[in-house]
Amino acid sequence: MSHGASTEEVAEPNLMSMLDLVLQLLMFFLIVANFVAEQNNQDIKLPEATTAVPIDAEQKDTISLNVDQNGNLVISDSGKEEAKLNSEFQIELYLKDTYSKLVSKMGKEEDVKKMIVVVRGDNRAEFEHIYRVMAAAKKANFPNVMLRANRPAGK
Amino acid sequence: MFGKRKKKAEKQVETDLNRVVTPMLDMTFQILFFLIMNFRLPTPEGQIDLFLPKEDEGSPQTQPIDQLDEKKEDEYRLRLIIYKGADENQGAIAAMTWKPKKTPLEPINPADPEKSAEGDDYLRRLDPLMYGLVVKLREFQPKDGGKQPTIKIECDRKMRYAELLRVMDVMRKMKFTNVGVMPIPKGG
Numbered sequence: 064m065s066h067g068a069s070t071e072e073v074a075e076p077n078l079m080s081m082l083d084l085v086l087q088l089l090m091f092f093l094i095v096a097n098f099v100a101e102q103n104n105q106d107i108k109l110p111e112a113t114t115a116v117p118i119d120a121e122q123k124d125t126i127s128l129n130v131d132q133n134g135n136l137v138i139s140d141s142g143k144e145e146a147k148l149n150s151e152f153q154i155e156l157y158l159k160d161t162y163s164k165l166v167s168k169m170g171k172e173e174d175v176k177k178m179i180v181v182v183r184g185d186n187r188a189e190f191e192h193i194y195r196v197m198a199a200a201k202k203a204n205f206p207n208v209m210l211r212a213n214r215p216a217g218k
Numbered sequence: 008m009f010g011k012r013k014k015k016a017e018k019q020v021e022t023d024l025n026r027v028v029t030p031m032l033d034m035t036f037q038i039l040f041f042l043i044m045n046f047r048l049p050t051p052e053g054q055i056d057l058f059l060p061k062e063d064e065g066s067p068q069t070q071p072i073d074q075l076d077e078k079k080e081d082e083y084r085l086r087l088i089i090y091k092g093a094d095e096n097q098g099a100i101a102a103m104t105w106k107p108k109k110t111p112l113e114p115i116n117p118a119d120p121e122k123s124a125e126g127d128d129y130l131r132r133l134d135p136l137m138y139g140l141v142v143k144l145r146e147f148q149p150k151d152g153g154k155q156p157t158i159k160i161e162c163d164r165k166m167r168y169a170e171l172l173r174v175m176d177v178m179r180k181m182k183f184t185n186v187g188v189m190p191i192p193k194g195g
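So the protein sequences, as listed, match chains A and B.
This note's numbering puts the last residue of the first sequence at 218; the count rises by one with no breaks.
This note's numbering puts the last residue of the second sequence at 195; the count rises by one with no breaks.
Honestly, the hints are just simulated from the structure, not real lab data.
Check before you lean on any hint, since a few could be wrong.
To be verified - Below, computed lysine to aspartate or glutamate pairings styled on EDC-like, alpha-carbon distance capped at 20 Å:
no., chain 1, residue 1, chain 2, residue 2
1, A, K147, A, E191
2, A, K164, A, D174
3, A, K168, A, E151
4, A, K176, B, E95
5, A, K202, B, D94
6, A, K202, A, E145
7, B, K106, B, D81
8, B, K106, B, E52
9, A, K108, B, E95
10, A, K177, A, E155
11, A, K202, A, D124
12, B, K193, A, E151
13, A, K177, B, D56
14, A, K201, B, D56
15, B, K193, A, E191
16, B, K182, A, D124
17, B, K91, A, E151
18, B, K165, A, E191
19, B, K159, A, D131
20, B, K165, A, D131
21, B, K165, A, E151
22, A, K201, A, E144
23, A, K108, B, E52
24, B, K143, B, E170
25, A, K108, B, D81
26, B, K154, B, D56
27, B, K180, A, E111
What the hints assert, rightly or not - Which residues of chain A face chain B? A few of them, derived with a C-beta cut under 10 Å, are:
no., residue
28, E111
29, Y162
30, L165
31, D185
32, E191
33, Y194
34, A198
35, L210
36, A212
37, P215
Note that the Cβ used here is the ideal one computed from N, Cα and C, for glycine as well.
Bound-form chain B, shown alone (with noise of 0.2 Å):
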C-alpha cells in the first residue's frame, strides 16, 4: 500500500518537472532560432601594409616621368593600365609599364616551359598578364637579407580595387614588402 503511494509520488513528480521544462524549451528554441538566423560564419580577415608617395609625386610633373626614375636607385615603378569600355572588365587591368624605360609587361603563360619557373601552385594558377609581372619581379627579387627596392604602383583613378590588392599580393609573394601606391600623375 505505502510502495503504492509512493510510486504515484513519484510519478507526480515527473510530470510536474515536464511541465516546468516545457515553456523553458520554448523559449531555448526562440533564442536558438534568432541565432542560428543571425549566424554568419566568420570570415578571416588579414592586413596588408603599404605606404603613401609624398603627395607631390602624385601631382603634374615638369620634367618626363622616365628621367626621374633613372636618378633613383632601387626605385622602380610599375604602371596599371585597365580597360575602359563598358562591358564587365571595366576597371580591371588591361595591360602594366614597368619603369624605368616604361617596358609594357609581356602577358606569359604559367605553363610555358620556356618562361615558367618553380613556383608554388598560387603562382600557376595567375592569369598570363599577373604571370608576366612575375617574371618580371624575377629580376629584382631581394635576396634573403638583401636590400629591398622600393616599388611604386601608378594606378588608373577608375581602376577596381580588388585588381590592386591582386598586384599587392603577387608583391608580396615575390617577397617585395616596400610597396607604394599612388594615382597615375596627371600628364604622365
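Okay, chain A solo, but in the shape it has when bound (with noise of 0.2 Å):
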C-alpha cells in the first residue's frame, strides 16, 4: 500500500501546447496588422472603382490629401494635433508651402513637380471640394495629380 502523501499526483495543464497556439495567432496578427501609412487617414471612406490600378510600391514620391466627408482637407502631420483645412486660400497656401519646404529639402524643383499629388477624397463629398483640392495643387506646382480610390475585392 504505497498511497502516502508524498506520491500525490496534482493534474495540471500542460500549458506549452497552448502557448505554441497563442504565439502562432499572435506572429499573424503582428505580420498582417495593417500598419497605417501616416498621410492616409482611415477615416476617409473611399469610392469603389473597378479600373483604379494597384498603387506601385516604389511610388515613394507622393503627398497624399485627405478630403473628408465635410470637404475639410485634413492634415495629420506626425507629433502634431490634426487640422482641418476648409478655405481655398488656407489650402493653397498650405499647398504653396508644403512645395517650398519640399524644394530646400530635396534641392532640385523638378524632383518636386515630378511628385504624384494623391487625393484621397471620401465617398460623400462633394465635387467642389475635391476639385479645389485638386487645383490648388495645380496652383502649388504640382502638376501631377491622381484620385485614389478603393479597388473591389478580387479584382
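With the hints in hand, could you dock these two chains into one complex?
Listed below in C-alpha cells is the structure:
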C-alpha cells in the first residue's frame, strides 16, 4: 500500500501546446496588422472604382491629401494635432508651403514637380471640395494629380 | 530508490516550467486581444489618373460653348447634371449631355438586345443612364494604338464625388485614358 502523501499527483494542464498556439496567432496578427501609413487617414471612406490601378510599391514620391465628407482637407502631421483646412485660400497656402519645404529639402525643383499628389476624397464629399484641392495642387506647382479609390475585392 | 527521486525531480521541473509559462501566456493573450481588437482587414487601394484642364476653361465664357468645341478635333465634353431635390438622390447624376451638339444621352437598358453589344459583366450591371454613356462612348472608342480623344467631364459643383468616380470608371473601362475633369463653367 503506497498511497502516501509523497506520491500524490497534482493534475495540471500542460500549457505548452496552448502557448504554441497563442504565439502562432500572435505572429499572424503582428504580420497581417495593417500598419497605417502616416499620410493616409483611415476615417475617409474612399469611393470604389474597378479600373483603379494598383499602387506601385516603388512609387514613393507621393503626397496624400485627405478630404473628409465635409470637404475639409485633413492634415495629420506626426506629433501634431490634426488640422482641418476648409477655405480655398488656406488650402492653397498649405500646398504652396509644402512645395517650398520640399524644394528646400530635396534641392531640385524638378524632383518636386515630378511628385504625385494623390487625392483621397471621401465618397460623400461634394465635387467642388475635391476639385478645389486638385486645383490648389496645380496652382502650387504639383502638375501630377491622381485620385485614390478602393478596388473591389477580387479585381 | 534513486529512480524514484529522479522521477520526482522531473515532475518538479515540469511544474516550475508551467508556473513560468502562466504569466507569459497571460501577457500574450493581452497582446493578442489588443491586436484582434485593432485588426482591420486591409482594403486594396488603387489610383486613377486624370488631367485638369487649364484654369480659364472653368471661367465664364463669352462665346457659346458649342462653337468653341467644334474648333477642336477629337475633343468632347460630357456634362453631368445632378438631382437637386433634398432627398436621398441629392447630388446623384440625373442626366448627361454630350458635346459638341449638346445631345442629351438617352438612358438605355443594358438588357435591351437592340442597343446592347457584347460586353463584360461589369457593363451589364450598369444602370440605364451609365449604359447610355457606354453606348455613346462606343462611337468614339479609340482603336488599339489609335489616337486617344480628349474627354472633359463637366461636373456640377454639388455633385457627389462618388458619382464622378463612377463615370471615370466607365471611361477607363471603355479604354479612354485622356480624361479631364472641371466644374461646369459659370454661365455655360
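Hints, one by one, checked against the model:
1. As the CA atoms of K147(A) and E191(A) are separated by approximately 17 Å, the hinted pair is consistent with the 20 Å bound.
2. Under the criterion of a C-alpha separation no larger than 20 Å, the hint pairing K164(A) with D174(A) is consistent with the structure, at around 13 Å.
3. Between K168(A) and E151(A) the alpha-carbon distance is near 26 Å, which puts this suggested pair outside the 20 Å criterion.
4. Distance check on the hinted pair: K176(A) and E95(B) sit about 41 Å apart at the alpha-carbon level, beyond 20 Å; violated.
5. Distance restraint check for K202(A) and D94(B): the Cα-Cα separation of roughly 36 Å exceeds the 20 Å cut-off, and the hinted pair is therefore not satisfied.
6. For the hint linking K202(A) to E145(A), the alpha-carbon distance of about 24 Å lies beyond 20 Å, and the restraint is violated.
7. About 11 Å separates the Cα atoms of K106(B) and D81(B), which keeps this hinted pair within 20 Å; it holds.
8. For the suggested pair K106(B) and E52(B), the alpha carbons sit about 33 Å apart, so the restraint of at most 20 Å is broken.
9. Proximity of K108(A) to E95(B) is assessed by CA-CA distance (about 18 Å); at most 20 Å being required, the pair is judged to hold.
10. Between the alpha carbons of K177(A) and E155(A) the distance comes to roughly 19 Å, so the proposed pair stays at or under 20 Å and holds.
11. Under the criterion of a C-alpha separation no larger than 20 Å, the hint pairing K202(A) with D124(A) is consistent with the structure, at around 19 Å.
12. The hinted pair formed by K193(B) and E151(A) meets the criterion: a straight-line CA distance of about 18 Å does not exceed 20 Å.
13. For a cut-off of 20 Å, the pair hint linking K177(A) to D56(B) stands: about 14 Å separates their Cα positions.
14. Pair hint K201(A) plus D56(B) holds up; C-alpha atoms about 14 Å apart against a cutoff of 20 Å.
15. For a cut-off of 20 Å, the pair hint linking K193(B) to E191(A) stands: about 13 Å separates their Cα positions.
16. A C-alpha spacing of about 27 Å is found between K182(B) and D124(A), which places the hinted pair above 20 Å, so the restraint is violated.
17. Taken as a hint, the K91(B) and E151(A) pair is broken in the structure, with Cα atoms around 24 Å apart against an allowance of 20 Å.
18. About 6 Å separates the Cα atoms of K165(B) and E191(A), which keeps this hinted pair within 20 Å; it holds.
19. Distance restraint check for K159(B) and D131(A): the Cα-Cα separation of roughly 25 Å exceeds the 20 Å cut-off, and the hinted pair is therefore not satisfied.
20. Our distance criterion of 20 Å between C-alpha atoms is met by K165(B) and D131(A), whose separation comes to about 15 Å.
21. Of the supplied pair hints, the one linking K165(B) and E151(A) holds, its CA atoms being roughly 16 Å apart against a limit of 20 Å.
22. Distance restraint check for K201(A) and E144(A): the Cα-Cα separation of roughly 26 Å exceeds the 20 Å cut-off, and the hinted pair is therefore not satisfied.
23. For the proposed pair K108(A) and E52(B), the alpha carbon gap of about 11 Å is at most 20 Å, so the pair holds.
24. For the suggested pair K143(B) and E170(B), the alpha carbons sit about 18 Å apart, so the restraint of at most 20 Å is met.
25. In summary, the hint linking K108(A) to D81(B) is not supported, as the alpha carbons are separated by about 35 Å, beyond the 20 Å threshold.
26. Only pairs whose Cα atoms come within 20 Å are accepted, and K154(B) paired with D56(B) is accepted, the gap being roughly 18 Å.
27. Taking the CA atoms of K180(B) and E111(A), the gap is near 14 Å; set against the 20 Å cutoff, the hint holds.
28. A cut of 10 Å between beta carbons decides the hint on E111(A): the least distance to chain B is about 7 Å, and the hint holds.
29. At a threshold of 10 Å, the smallest CB-CB gap from Y162(A) to chain B is about 16 Å, leaving the interface hint violated.
30. About 20 Å separates the beta-carbon of L165(A) from the nearest beta-carbon of chain B, more than 10 Å, and the hint is not met.
31. A hinted interface residue such as D185(A) counts as satisfied when its beta carbon comes closer than 10 Å to some beta carbon of chain B; here the least separation is about 7 Å, so the hint holds.
32. Because the beta carbon of E191(A) sits about 4 Å from the nearest beta carbon in chain B, less than 10 Å, this interface hint is met.
33. For Y194(A), the shortest C-beta to C-beta distance to chain B is roughly 6 Å, which falls under 10 Å, so the interface hint holds.
34. Because the closest C-beta pair between A198(A) and chain B is about 7 Å apart, less than 10 Å, the hint holds.
35. Checking L210(A) against chain B by beta carbon gives a least distance of about 5 Å; that is within 10 Å, so the hint holds.
36. Residue-level restraint check for A212(A) holds (minimum Cβ-Cβ distance to chain B is 6 Å; threshold 10 Å).
37. For P215(A), the interface hint holds, the least distance from its beta-carbon to any beta-carbon of chain B being 9 Å, beneath 10 Å.
The earlier numbered hints that this structure contradicts are 3, 4, 5, 6, 8, 16, 17, 19, 22, 25, 29, 30.
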